[in-house]
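Visitor: Add 10 to the 1-based position in the sequence shown for this note's numbering, that's all there is to it.
None of these hints come from the bench; they were simulated from the model.
Do not take every clue at face value.
Said to hold, decoys possible - Straight-line C-alpha distance at most 30 Å; calculated DSS-like pairs for lysine-lysine: (1) Lys64 - Lys17; (2) Lys90 - Lys144; (3) Lys27 - Lys107; (4) Lys113 - Lys90; (5) Lys107 - Lys144; (6) Lys17 - Lys228; (7) Lys24 - Lys64; (8) Lys90 - Lys103; (9) Lys113 - Lys64; (10) Lys17 - Lys90; (11) Lys90 - Lys24; (12) Lys103 - Lys113; (13) Lys103 - Lys144; (14) Lys190 - Lys228; (15) Lys113 - Lys196; (16) Lys90 - Lys107.
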Amino acid sequence: MELDRLKQTHAAVKAIKGGPDGAGAWFSAYALCLSGDSPANLAGALETSHVALKDALGSWQAPTGSLRWIYAALLTGNGKTASDFVTLRTTLKESAKEAGTGKLYAGGSRAALVLTLSGARSASALRRFLAIQKAIQPPWWRANQAITDQFAASHAAQDDSPDSVVRAREAALAVFAGAKATRGLKREGARLCALYRQPAREVAERFVALRAAARELKPIRQTGNRHLYMEWAAQGVTSADLPVIASHMQALDAVTQTGSARLRLAQLVWLGERGDGGLGTVSAMSAVIAAQTAAIIAASTATSAAVTTTSGP
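Start from the sequences and build out the full structure, keeping to the hints where you can.
Guide: As structure tokens, then:
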């Protein structure tokens, strides 16, 4: 993804009356750039999608505020419609109610978005999501429905089975728990390794290297954190990639630093520039999920929307 194209699309998004502002505008522009259409056409399509979401969900049903613009932009950038998302969201809520699996985060919005964007809209995909959700649900004292739903949907989109997800997490958990440097992030690291199908020992090594390298790069050191480095390590980012990301941060100096928004956006631009599709040996679906969720996370962190990351209990 070219920085000039991102900035042109951002200008088109900012021109929308009543449209997103701050980090929300930047990440809406990033999501739109996933399509090859012109900035003007994309901004018009974004506005249309946002209106459709508002008509279907009203003012109070999730997603709301700046996050609704991000959802509309992600749908537009990926060639999906608001109707695709709303229909799946409704079906998912009905399926969860029939299955008696309990509540969905934000009315099923996060899960429905991942499943819609990945094209996993069949009845079997929804059953797979509910089965994985049940299999990975932590005890109540560590429960975070947003994280559980996001990962369950991501695994369902990749055709993973509940048993395979649990096994992969348990194997990775043992690796992270056994090393002092990663023990505090053992569950987070295990979740990410299982999703991205990455060897835990390699991810742990990249995490340690990233954390050390980040200390030498002021732009990254100022807004980065260990959770972000673990996420990047699982995605295949290495310490050699950080100078390029830091350079992109400087080029994106108009983006707020709040909530690591500038850092996350710079990494996403770098992700789009890589010839291997972004995540090296990681599957294409994981690459799509990584980019989409990073945009949502960064925008919601930098605004008043509820924050959900891959970190947590």
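Visitor: All the hints need checking, so say for each whether the structure fits it.
Guide: Hints, one by one, checked against the model:
Annotation: proposed proximity of Lys64 to Lys17 holds, straight-line Cα distance about 27 Å (limit 30 Å). For the hint linking Lys90 to Lys144, the alpha-carbon distance of about 28 Å falls within 30 Å, and the restraint holds. For the hint linking Lys27 to Lys107, the alpha-carbon distance of about 38 Å lies beyond 30 Å, and the restraint is violated. For the proposed pair Lys113 and Lys90, the alpha carbon gap of about 26 Å is at most 30 Å, so the pair holds.
The hinted pair formed by Lys107 and Lys144 meets the criterion: a straight-line CA distance of about 13 Å does not exceed 30 Å. Only pairs whose Cα atoms come within 30 Å are accepted, and Lys17 paired with Lys228 is accepted, the gap being roughly 24 Å. Straight-line distance between C-alpha atoms of Lys24 and Lys64 comes to about 19 Å, which keeps the hinted pair within the 30 Å bound. Straight-line distance between C-alpha atoms of Lys90 and Lys103 comes to about 20 Å, which keeps the hinted pair within the 30 Å bound.
The hinted pair formed by Lys113 and Lys64 meets the criterion: a straight-line CA distance of about 23 Å does not exceed 30 Å. Using a Cα cut-off of 30 Å, the hinted pair Lys17 and Lys90 holds, with the two alpha carbons roughly 23 Å apart. Between Lys90 and Lys24 the CA atoms are separated by roughly 22 Å; this keeps the pair inside 30 Å, and the hint holds. Distance hint between Lys103 and Lys113 is fulfilled; the C-alpha atoms sit about 8 Å from each other, no more than 30 Å.
The hinted pair formed by Lys103 and Lys144 meets the criterion: a straight-line CA distance of about 15 Å does not exceed 30 Å. At roughly 25 Å between alpha-carbon atoms, Lys190 and Lys228 fall within 30 Å of each other, so this suggested pair holds. A C-alpha spacing of about 26 Å is found between Lys113 and Lys196, which places the hinted pair at or below 30 Å, so the restraint holds. A C-alpha spacing of about 26 Å is found between Lys90 and Lys107, which places the hinted pair at or below 30 Å, so the restraint holds.
Hint 3 from the earlier list is the only one contradicted by this structure; the remaining hints agree with it.
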